[in-house]
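Novice: For the protein sequence lines, the chains are A and B, in the order given.
If you're matching positions, the first sequence starts at 1 in the working numbering and goes up one per residue.
If you're matching positions, the second sequence starts at 1001 in the working numbering and goes up one per residue.
Hints are computed from structural coordinates only; laboratory data are not their basis.
The structure displayed is predicted, hence computed values, not measured ones.
Among the clues, some could well be false.
To be verified - In silico EDC-like links for lysine to aspartate or glutamate, alpha-carbon gap of 20 angstroms or less: (1) Lys52/A x Asp85/A; (2) Lys121/A x Glu1360/B; (3) Lys121/A x Asp1174/B; (4) Lys1243/B x Asp1174/B; (5) Lys121/A x Asp142/A; (6) Lys52/A x Glu1147/B; (7) Lys1121/B x Glu1147/B; (8) Lys1326/B x Glu1302/B; (9) Lys121/A x Glu150/A.
Unchecked claim - Between beta-carbon pairs, the in silico distance windows are: (10) Phe108/A x Pro1361/B: 16 to 24 angstroms; (11) Ala1197/B x His199/A: 52 to 60 angstroms; (12) Thr1364/B x Val186/A: 39 to 47 angstroms; (13) Ser1187/B x His199/A: 52 to 60 angstroms.
Unchecked claim - A few chain B residues that face chain A, going by a derived Cβ cut-off under 8 angstroms, partial list only: (14) Asn1004; (15) Ser1187; (16) Ala1200; (17) Leu1292.
All residues carry an ideal CB built from backbone N, CA and C; glycine is no exception.
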Amino acid sequence: MVTTDTVPAAGEAARAVLLVEDDPALSAYLASSLRDAGYAVQTAHDRPQAIKVLAAPHAPALMLLDLGLPPHPSTMTEGLALLDDALRLAPGSKVIVLTGQDEEAAAFQAVRRGAFDFLVKPVALSTIYAALRRAELFARQDSLLSQGGEARLQLTARLHDGPKEAAANAEEQLLRRVLAATGYNVAETGRRLGLAREHVYYYLNKYGIQRPQ
Amino acid sequence: MASNALSSLALVIVVTGLVLLVTGVMLSRRARRYRRRMQALLKLGSQNHEPLAIPAAAWPVLHEAGWRHLSLDGSWFGQPVHIELGVASTTAAPRPSSDPENTNLMQGEITSGNDVRLALKMTHSASRGGTRLLAEQLAQVFVLLLETGLRARTEALSVALAERARLTLYLQHDMRNLAQWVSWVCSDFAEGADAPALLAAARRLQENAPLAQERAYRLIAALGNRPMSDSAREIDLRLAIAKAAHLAGIELNLSGQAHAWIARGLLSRALDNLFSNLAPNWRDVTAVKPTLHLRSIAATPEAPAMAEIEFFSPWPEPGGRIEAGKLFEPFASGRPGGLGLGLYQARKSLREAGGELSAEPGETGLSFLLRMPASTP
């Protein structure tokens, strides 16, 4: 069940939060608290629901993600897969991971995949708000950078794969980010990246990037 | 005269010797056959047959031993069972006798609580004699195999149910989540600096308390401690269904109205298991919200008043269709990785409450019907 406040306009994206939590009691309470604090909240209880929100235009820039999600709520599998999906579909989004599971392993996996922050349950509301404010600040700065024609990328590279692989990762992430920002408009992506359309198509093919359904 | 007597004696000795030899050979052959059949039966025990598949697997051996007809009738985890092997011919028909040991028929019952009750009848071609005696030994081994298969299944079921409760409690973090919820409520009130903040916290608590209360009830039930007050009571089914659906993360349409007379714990266990089992199908397969029809059936001289819930659920995609006869059987799941306990537990809970859960398979899915005692004005 996806619940949505008024869909934020592009400029308001930083105040929009996607809350992914499978426990309805926790989700409803936290969503209510976030709304009272002025956030536009969309909630999802599992990965498919969250992907629908992330694939929509103007996906929330902030995401609170509980790692234990159905159908395997006792493991981190679904949560980590959703973290990958989120950073693929909305590369600029700031994902704050919440977990009540094996702290160290979860933190390692979340950071490795590009989570913005990591909070262990039980977590105080004030801690969640502090993390959100920080994420919001970074999202705003990223947005300003983007307006100035720059992008801050975050990479996790295997050292033994060498610089070529890392460069390819950066290339792919840059392309995904611009594509997401332009709503997968190839001409506009080419213009922003200083590439001909054919080259954009070449990269789309090279990295198997498709417009989200 | 004396030589005649001597030759007659020699003849008698030779004939007796031949008779003993033939008898010895026959007994030896019969013993070998018996040993071979027994080994074939015992081998079935190590082949991991489904308990209900054991009769068919054992039948060739039993038939060879002279058993002409076998029937197994009753109920297997809520499903009717009727297995018939061989032919109940007139020559092999049970022959009534005043002596209970002098009959072609051998019968017995195999049970496990309320889940399994099977009546076994076997008819032999002979009512007495050595062949019958040896065949009975084989039949008893066959019964032991069936009982062992059944015990293994019911023991695995107990372990799985206990494990499931443990999973629900500890691995799914229900306890931790509830503790998290309580800590948020406390901090909201403890840190409420002024009247508007306290008012907002109170409103939030009022809106969300029913869900947390449901979660608490379920935790208590999972701990095995049914609340003292959990006796049958009047329950508005619309409200109960809405809460269970919310906890399962699904949206439903409800039509009609009905009030049940049922223990809250049993109803929520039935609905929770049912909805969590069907929720993935509803999310993945249907674009529209499923509709649940509620109605009350008035009491008649033959039957008490009942409350009914009826709805349709599509088959999961792809290929997740489960054989209709196995729907309520434990460990039979249509989903990869499914435990196959949801529908079993849902039906068990409703039956415990004096109701019933049934499902009619169709081309595109299953039509479910839940029945439970209705509250009477």
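Novice: Against each hint, give a clear statement of whether it holds in the structure.
Specialist: Outcome of the hint check:
1. Taken as a hint, the Lys52/A and Asp85/A pair is honoured in the structure, with Cα atoms around 11 angstroms apart against an allowance of 20 angstroms.
2. For a cut-off of 20 angstroms, the pair hint linking Lys121/A to Glu1360/B is broken: about 44 angstroms separates their Cα positions.
3. Between Lys121/A and Asp1174/B, the direct Cα distance comes to roughly 12 angstroms. Compliance with the 20 angstroms bound is thereby established for this hinted pair.
4. Restraint check for Lys1243/B and Asp1174/B: satisfied, since their Cα atoms lie roughly 16 angstroms apart, inside the 20 angstroms limit.
5. In summary, the hint linking Lys121/A to Asp142/A is not supported, as the alpha carbons are separated by about 28 angstroms, beyond the 20 angstroms threshold.
6. As the CA atoms of Lys52/A and Glu1147/B are separated by approximately 51 angstroms, the hinted pair breaks the 20 angstroms bound.
7. At most 20 angstroms may separate the alpha-carbon atoms for a hinted pair to count; Lys1121/B and Glu1147/B meet this at roughly 15 angstroms.
8. Using a Cα cut-off of 20 angstroms, the hinted pair Lys1326/B and Glu1302/B is violated, with the two alpha carbons roughly 31 angstroms apart.
9. Between Lys121/A and Glu150/A, the direct Cα distance comes to roughly 36 angstroms. Violation of the 20 angstroms bound is thereby established for this hinted pair.
10. Take Phe108/A and Pro1361/B: their Cβ atoms lie about 47 angstroms apart, and the range 16 to 24 angstroms is violated.
11. About 55 angstroms separates the C-beta atoms of Ala1197/B and His199/A, a value consistent with the hinted range of 52 to 60 angstroms.
12. A beta carbon spacing of about 41 angstroms between Thr1364/B and Val186/A agrees with the range 39 to 47 angstroms that was offered as a hint.
13. Between Ser1187/B and His199/A, the C-beta spacing of about 53 angstroms keeps the proposed range 52 to 60 angstroms intact.
14. For Asn1004/B, the interface hint is violated, the least distance from its beta-carbon to any beta-carbon of chain A being 96 angstroms, above 8 angstroms.
15. For Ser1187/B, the shortest C-beta to C-beta distance to chain A is roughly 6 angstroms, which falls under 8 angstroms, so the interface hint holds.
16. About 5 angstroms separates the beta-carbon of Ala1200/B from the nearest beta-carbon of chain A, less than 8 angstroms, and the hint is met.
17. For Leu1292/B, the suggested interface contact is broken, since its CB lies about 16 angstroms from the closest CB of chain A, more than 8 angstroms.
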